[in-house]
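Just need the whole structure built from these sequences, with the hints factored in.
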Amino acid sequence: MAYVATRGGERAIEQSERLFREEMGGFDRDRVEEVKKSLPYLIDRVMGEASLYDEDLAALALAQTGGELYEAVLLLRAWRTTQPRLQVAEPVEQDTLFTHRRISAAFKDIPGGQVLGPTLDYAHRILATDVLQGALYAPDPVEPADTPSPAYQPSVSAWQSENDLLDPPADDPTKSNNIPDLTREPLLFPSKRAHTLQSLARAETGGVLALGYAAMRGYGQAHPTVNELRLAEAEIAVTHPDGRQFSAGRVKVSQAEVVDKKGEKLSIGYAATFGWNEVKCIAAATLDLNSPGAEKGSATEEEFFLYHTEGVESSGFCIHFKLPHYVTFQSSLDAMRDAKAKKAAKAPEPSSSEAVGQTKSEPAE
Amino acid sequence: MDDTLSVLARVDAEKLKTFAETLIPDLGEIEVLQSQSGLVMLPMRDTAKGVAFHLGEVLMSEAHIRKGEVQGYGMRRGHDLEASMAMALVDLAMATGVRRADCKAFCDAQAEALQQADDDVLRRVEATRVNMETF
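Top line first, the protein sequences correspond to chains U and B. Following numbering that gives the first Met the number 0, the numbering of the first sequence begins with 0 at its first residue and continues without gaps. Following numbering that gives the first Met the number 0, the numbering of the second sequence begins with 0 at its first residue and continues without gaps.
FYI, nobody ran anything at the bench for these hints, they're computed from the structure. Please note that the accuracy of each hint is not assured.
Computed list of lysine-lysine pairs in DSSO-like fashion (alpha-carbon distance at most 30 Å, straight line) [as the list claims (entries may be wrong)]:
#1 B:K16 x U:K107
#2 U:K35 x B:K16
#3 U:K36 x B:K16
In structure tokens form, the structure reads like this:
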């Protein structure tokens, strides 16, 4: 690789990093806490894309990078590689999710009913400019119901399978420790489904949205209807050395199913991610729904969308273009000059009258 | 799922540490096999095709201790080695019969507090229940 075959500039490099960090100033545990408490949805997004769940670490990464999301995710992915893996938990099943929000755009009367949970779906999007004039933004408190919502909600797709609208999912006997893992093996195509869903779970939100939106707008084969969308907390079911299983805590997760109505039965796409990130899940599920039979090179083809929504790789490749390419670029210029010289050598000699007024067009270096 | 361990893994860290400290003199000499933080990979089941896949990893703290042949174990979310050790101490105390009644009373009280906290959340969720009507 000849990209950075260059020396010098150590002082400039050091000062440039200082200049970047100077704008944010120093930070401490208090700022990390403030980031964590005030920006929970950003924390969720970063944890999902980093594929590492810990609110403190995500807030720290955001504080350290001044909110530069790609850098924050890269820091977390890099840190993750330094840590030992203690266990692989038992797979989270949908009917064990401690559910905060569950809606369906397909059926209004789903078993268990619909709870909107925390959402701005029906809110007026009005910027609270009064705050800049010194006013306090104090949202009205929730008025709790007398009885709690059921913690665990039935599956919409299971109900549809019972009513012959959907083919039921097959049994997957794979043990936790044998589930294909992208962090330890390469992504190959055609992709294993476990790889596809893991890749979408850690994909960059904006990339997934862009390609999912393309499919929604008509560049895909299937138009999505949200069958079920859940925001929930999942138990981390681990094993005691004596064999007992227990929940070592909960993490926030999002899950989306989208369906297409062509044919005799519904076809279904699925996606899930760490944290509460509905847009990513709906877009990712739309890509999953559209991928069977997708044309090679189209936005809904598995290889295309999995490669191009991997945030660390795509942002890294993008920003590498600004690093010194002097050797490769000069080599290309040499080839251009050589081609130009050869072309000139083959061309017939211009008459003396045509040569008058010609100027040299070689760019300055 | 073991309810007691699940409670100890979620209970407030400071309350757990304070209680576990009181067990140390009664437990006597213990051997620490492991006290570390690391990652637990969390798989999830896809509801479309039924395939289990990895959602990502969670930062956890783990403590594994032993007194004779009896093991105590703690695993909790986040980086808090003291809290996971406190959990392991309570687990070991219950397994060896050390102040079992106190441990049970502590776990029962904390289970009730966690259930109350869950109910509070779910009553707020229930307030958002919607009955859609089509026109």
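Hints, verified against the model:
1. With a CA separation close to 47 Å, the supplied pair B:K16 and U:K107 exceeds the 30 Å bound.
2. Restraint check for U:K35 and B:K16: satisfied, since their Cα atoms lie roughly 24 Å apart, inside the 30 Å limit.
3. Taking the CA atoms of U:K36 and B:K16, the gap is near 24 Å; set against the 30 Å cutoff, the hint holds.
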